[in-house]
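**Q** Here's the letter readout for the chains.
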Amino acid sequence: MVEPGITEPVVIVGAGHAGVAVAAALRTRGWNGRILLIEAEKEIPYERPPLSKDLLKPGAPEQASPLRTEKFYVDKGIERLAGLSVDSIDREGRAILLADGSRQGYYRLVIATGSRARPLSVPGAQLPGVLALRTHDDAVELKRSLMPGTRVAIIGAGYIGLEVAAAAAKIGCDTTVLEFQDRVMSRVTSAPVSRFFERLHQGNGVRFVFGAAVTAVEGSGRVERLLTADGSSYRADVVIAGIGVLPAQDLAEAAGLECRDGILVDDACRTSDPLIYAAGDVTRFTGSFDGTSQRLECIQNALAQAERVAEDITGSPARSPEVPWFWTVQHGVRLQTAGVRHPEDEVIVRGTPAEGKFSVVYLRDGRLAAVDTIAGLADFRPAKKIIASGAQIDPAAAADPAIPLADAVRAPIPVR
Amino acid sequence: MSKNEVTVIDREGSAQTIAWEPEQTLMEALRDNDLPVLASCGGTASCATCHVFVEKEVFDSLGERSEDELELLVEAEGYRECGSRLSCQIGFDSGLSGVTVTLAPED
Ligand SMILES: Cc1cc2nc3c(=O)[nH]c(=O)nc-3n(C[C@H](O)[C@H](O)[C@H](O)COP(=O)(O)OP(=O)(O)OC[C@H]3O[C@@H](n4cnc5c(N)ncnc54)[C@H](O)[C@@H]3O)c2cc1C
Ligand code: FES
Numbered sequence: 001m002v003e004p005g006i007t008e009p010v011v012i013v014g015a016g017h018a019g020v021a022v023a024a025a026l027r028t029r030g031w032n033g034r035i036l037l038i039e040a041e042k043e044i045p046y047e048r049p050p051l052s053k054d055l056l057k058p059g060a061p062e063q064a065s066p067l068r069t070e071k072f073y074v075d076k077g078i079e080r081l082a083g084l085s086v087d088s089i090d091r092e093g094r095a096i097l098l099a100d101g102s103r104q105g106y107y108r109l110v111i112a113t114g115s116r117a118r119p120l121s122v123p124g125a126q127l128p129g130v131l132a133l134r135t136h137d138d139a140v141e142l143k144r145s146l147m148p149g150t151r152v153a154i155i156g157a158g159y160i161g162l163e164v165a166a167a168a169a170k171i172g173c174d175t176t177v178l179e180f181q182d183r184v185m186s187r188v189t190s191a192p193v194s195r196f197f198e199r200l201h202q203g204n205g206v207r208f209v210f211g212a213a214v215t216a217v218e219g220s221g222r223v224e225r226l227l228t229a230d231g232s233s234y235r236a237d238v239v240i241a242g243i244g245v246l247p248a249q250d251l252a253e254a255a256g257l258e259c260r261d262g263i264l265v266d267d268a269c270r271t272s273d274p275l276i277y278a279a280g281d282v283t284r285f286t287g288s289f290d291g292t293s294q295r296l297e298c299i300q301n302a303l304a305q306a307e308r309v310a311e312d313i314t315g316s317p318a319r320s321p322e323v324p325w326f327w328t329v330q331h332g333v334r335l336q337t338a339g340v341r342h343p344e345d346e347v348i349v350r351g352t353p354a355e356g357k358f359s360v361v362y363l364r365d366g367r368l369a370a371v372d373t374i375a376g377l378a379d380f381r382p383a384k385k386i387i388a389s390g391a392q393i394d395p396a397a398a399a400d401p402a403i404p405l406a407d408a409v410r411a412p413i414p415v416r
Numbered sequence: 001m002s003k004n005e006v007t008v009i010d011r012e013g014s015a016q017t018i019a020w021e022p023e024q025t026l027m028e029a030l031r032d033n034d035l036p037v038l039a040s041c042g043g044t045a046s047c048a049t050c051h052v053f054v055e056k057e058v059f060d061s062l063g064e065r066s067e068d069e070l071e072l073l074v075e076a077e078g079y080r081e082c083g084s085r086l087s088c089q090i091g092f093d094s095g096l097s098g099v100t101v102t103l104a105p106e107d
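First to last, the sequence lines map onto chains S and H. Take the first sequence: its letter number 415 is residue 415 in the UniProt record's numbering, and every next letter is one higher. Take the second sequence: its letter number 2 is residue 2 in the UniProt record's numbering, and every next letter is one higher.
Bear in mind the hints are in silico, worked out from the structure with no lab data behind them. Fair warning: there could be bad hints in the mix.
As the list claims (entries may be wrong) - As a list, the in silico DSS-like pairs of lysine-lysine whose alpha-carbon atoms are at most 25 angstroms apart:
#1 S:Lys71 <-> H:Lys3
#2 S:Lys357 <-> S:Lys385
#3 H:Lys56 <-> H:Lys3
#4 S:Lys53 <-> S:Lys385
#5 S:Lys143 <-> S:Lys42
#6 S:Lys76 <-> H:Lys3
Stated by the list, open to error - Covered stretches of chain H, going by a simulated chain S footprint (3 or more residues, C-beta under 8 angstroms):
#7 32 to 42
#8 49 to 61
To be verified - Now the in silico label distances, taken between C-beta atoms and shown as ranges:
#9 S:Glu355 <-> H:Pro36: 35 to 41 angstroms
#10 S:Pro192 <-> H:Glu106: 28 to 34 angstroms
#11 S:Val74 <-> H:Glu81: 49 to 55 angstroms
#12 H:Ser97 <-> S:Asp266: 44 to 50 angstroms
Positions of the beta carbon are idealized from the N, C-alpha and C atoms, including for glycine.
This is chain H alone, in the form it adopts within the complex:
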């Protein structure tokens, strides 16, 4: 069985590959693999501590950002119009296996 994995570039710039379990949001996968994602709202698009950058193709393949998500992101450190996402709003998708995400800087 092939495993679902994502490559994560942390805030120091080093890359690591982590497992992404079905039924987890991307935030949960990051957090449970000890990446420094505080997720202080438990994944309800309230805190933006789970902010990541995704590649353009991935960004385009994901759905629209909700108004709450967008308003939080616009004010977040390093916001990218076509790249910033709250990882708690990215549900598991085996089609995303193998992608690379980058942790956004902390405020």
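One chain only, chain S, in its complex shape:
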């Protein structure tokens, strides 16, 4: 597979979900040249989803869940540099510069630097006790600070904030979520799903404050309270900011690669430099199914883009694109989403939320654009297929949970 004359490795910056998957997928596709995986963190590359789920459960071990075993990297001849960050890219010289001053040439470069938690930018945000959750170290620090009776204030009712709220409530913390919008997960789901999860959390002792604009964190030597724009004050021993993420695009930006809230990549994950790829949370691209410019922060996208990079580097045929999907688990209830919902989509509820298990389908121009499944996966795979096919859906049939979603398809599925 390696052409004679290739001596430099494929260098991958960032050993998160995307970076590790690029390395693995290169080997699966027969790439037998050198692969060098460089990661700023010291630990063996690990999974992020459990950091806000299983790891925070009372009594659960603090260890991270490795993405792959140590043996895997050795067996596959994947060279790893851990605890060392990449400082800059010398595109002319086809090399990167590392934090220890060394220089490493590349045959192809893959930027898989992910994203970082958006920092809270109000006075007092630097006080001890104000936390964010992105890394394993963050998760361990958070876990150790959640005790029965601890007053926990979570800023932001996105999925990470809500998963943390569920874990805190389970531990017996006095848990409050402050959210600027008027409902939870407003960016990713519709009102019926928000309402369901709000009730679920409230039933488990979580309080919500909607329309809350946090203006300051106060305390002497450590966080003691939060202030909001309406003049209210909330006592807190621990504050968790779950206010979204920022793409870690600094390296690419400094090297002059095109970025716009994410590194811009084409449908083969190539950046504006043909020798440099990007994959995972750090990218911005045009969605294959809805044609909009987007950044997706989910495992599915990280893995699918990693496959795409490996296909392109090895000259393997491209697989057909996968409908993006995502899951979150709160109080033991799973929300799993396929497709990308737009706020103006028609919303059809399948089933009865009060029964604790239902789906919501989203129609755009009569076609199935996205689905949310709550506490059940029966509609998930059928919906993914229908979304990929671009088929028209009969709204009345889709609203009837007794009719399988596949039977709500109107026209024969057109060949893509």
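With chain S fixed as given, assemble chain H with the ligands onto it according to the hints.
**A** Relative to the frame of chain S, chain H with the ligands by itself:
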């Protein structure tokens, strides 16, 4: 020391024998041996890309499928009532050494 191995029949019908390391789920063993198992959910019974068929005796010896696992499988390509499993939900078991599993077709 005898090694734990499983025989895997891939989607083209060819068989190969792979090592199954303790502490790995069957999905991890398949994936780490370059079998085309995407495992896009990392083994949390969310994606069904790790769907395999196991033999009847093996199927009977494994525990019940969870509701999530079953709901995903029922909608999966080629679902078999007494044979389909998500390989990420099959933990290492030296008693399973020597069995044959077949990769289910992709959607
Ligand atoms: C708590 C939490 C829970 C989540 N739960 C889910 C979930 O349930 N389902 C889901 O689909 N998604 C979930 N996500 C999102 C998912 O984890 C991300 O989409 C995924 O990690 C993206 O992979 P990535 O490789 O792009 O980035 P990351 O996994 O963030 O990896 C990037 C890596 O690059 C390294 N790096 C950055 N800059 C440099 C540099 N200059 N030099 C060297 N190394 C560098 C970083 O240290 C990091 O390890 C969750 C995220 C978090 C934080
Ligand atoms: S790996 Fe996703 S269901 Fe098994």
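**Q** Indicate whether the distance between the beta carbons of Val74 of chain S and Glu81 of chain H respects the range 49 to 55 angstroms.
**A** 41 angstroms, violated
**Q** Below or equal to 25 angstroms on CA atoms is what counts here, so check Lys76 of chain S against Lys3 of chain H.
**A** 20 angstroms, holds
**Q** Would you mind confirming whether the straight-line C-alpha gap from Lys56 of chain H to Lys3 of chain H stays at or under 25 angstroms?
**A** This hinted pair holds, its Cα atoms lying about 23 angstroms apart.
**Q** Tell me if the beta carbons of Glu355 of chain S and Pro36 of chain H are separated by a distance inside 35 to 41 angstroms.
**A** 38 angstroms, holds
**Q** Test coverage of the segment 49 to 61 of chain H by chain S using CB-CB distances below 8 angstroms; three residues minimum.
**A** violated (count 0)
**Q** So if I understand the rule, the pair passes when the alpha-carbon distance is 25 angstroms or less; does Lys143 of chain S with Lys42 of chain S pass?
**A** Cα-Cα ~20 angstroms, so holds.
**Q** Please check whether Ser97 of chain H and Asp266 of chain S have a Cβ separation lying inside 44 to 50 angstroms.
**A** Holds - the Cβ-Cβ distance for Ser97 of chain H and Asp266 of chain S, about 46 angstroms, lies within 44 to 50 angstroms.
**Q** Given the proposed pairing of Lys71 of chain S with Lys3 of chain H, does the C-alpha separation stay at or below 25 angstroms?
**A** 16 angstroms, holds
**Q** Would you check chain S against the segment 32 to 42 of chain H, counting CB to CB pairs closer than 8 angstroms, and say if three or more residues qualify?
**A** Holds: 7 residues of the segment 32 to 42 of chain H have a Cβ under 8 angstroms from chain S.
**Q** Assess, step by step, whether the Cα of Lys357 of chain S is no farther than 25 angstroms from the Cα of Lys385 of chain S, and give holds or violated.
**A** 21 angstroms, holds
**Q** Okay, Pro192 of chain S versus Glu106 of chain H on CB: inside 28 to 34 angstroms?
**A** 33 angstroms, holds
**Q** For the pair we were handed, Lys53 of chain S and Lys385 of chain S, check the Cα-Cα distance against 25 angstroms.
**A** 28 angstroms, violated
Against the hints set out earlier in the document, violations occur for numbers 4, 8 and 11.
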